[in-house]
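Student: So the chains spell out like this:
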Amino acid sequence: GAVVSQHPSRVICKSGTSVKIECRSLDFQATTMFWYRQFPKQSLMLMATSNEGSKATYEQGVEKDKFLINHASLTLSTLTVTSAHPEDSSFYICSARGTSGNLVIADTQYFGPGTRLTVL
Amino acid sequence: QKEVEQDPGPLSVPEGAIVSLNCTYSNSAFQYFMWYRQYSRKGPELLMYTYSSGNKEDGRFTAQVDKSSKYISLFIRDSQPSDSATYLCAIGNFNKFYFGSGTKLNVKP
Chain X
139 GAVVSQHPSR
149 VICKSGTSVK
159 IECRSLDFQA
169 TTMFWYRQFP
179 KQSLMLMATS
189 NEGSKATYEQ
199 GVEKDKFLIN
209 HASLTLSTLT
219 VTSAHPEDSS
229 FYICSARGTS
239 GNLVIADTQY
249 FGPGTRLTVL
Chain E
190 QKEVEQDPGP
200 LSVPEGAIVS
210 LNCTYSNSAF
220 QYFMWYRQYS
230 RKGPELLMYT
240 YSSGNKEDGR
250 FTAQVDKSSK
260 YISLFIRDSQ
270 PSDSATYLCA
280 IGNFNKFYFG
290 SGTKLNVKP
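Chains as they are written, first to last, in the numbering used here: chain X, 139 to 258; chain E, 190 to 298.
With the rest of the complex left out, here is chain X (with noise of 0.2 Å):
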């Protein structure tokens, strides 16, 4: 149990152009979901938290008009990287807190695979 999934694995785009990546939470329910991201060799970097059907919360230094989160249901959250530029480029990794049946997974966070973003 606890198992989360992103789309893409990895994309490639052109400077200015937008991506959207998915984060599902496959067996439970997210009532939060954690957007990070993690330059090489270094950790994970919180960007924001989204709670469905929220806005989500920005850490200080953010933008929220470049990174549009969305948590529209309890499995899917989306982060879009508006008018993406390389030094967006980036690991971009997910995370999920919630409940499920008698899977109590509320304390933690169980993370996706992660999305790796190269803006040319």
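In case anyone wonders, no lab produced these hints; they're calculated from the structure.
Below 35 Å or equal to it, Euclidean Cα-Cα: the simulated DSBU-like pairs (lysine-lysine) are:
(1) X/K179 / E/K259
(2) E/K191 / E/K293
(3) E/K259 / E/K285
(4) E/K285 / X/K158
(5) X/K202 / E/K259
(6) X/K193 / X/K158
Could you slot chain E onto chain X? The hints should help.
Tutor: Okay, now just chain E, sitting in the frame of chain X:
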């Protein structure tokens, strides 16, 4: 001062060795203590989580928390080549975790 500090390694050990990975943290109010394993170009995988001081064991893994010293450890017994990965500690509260920079572990056959 960073919220969480972790020695980046790399740490290289022979197969079968006991591995000790450590993190320190600055905020005594933190209540959640996690260890994740991350293979190259993959998302982190939850290994252990605990909320209290003391030891928690799961197979070859033991998580240890010392709240008085603000210090946590992960011990791996009988280490295997398949344990080679980067290990991340995550410490914080319900609404936010702070991740260590990760310790890269290499277990040599």
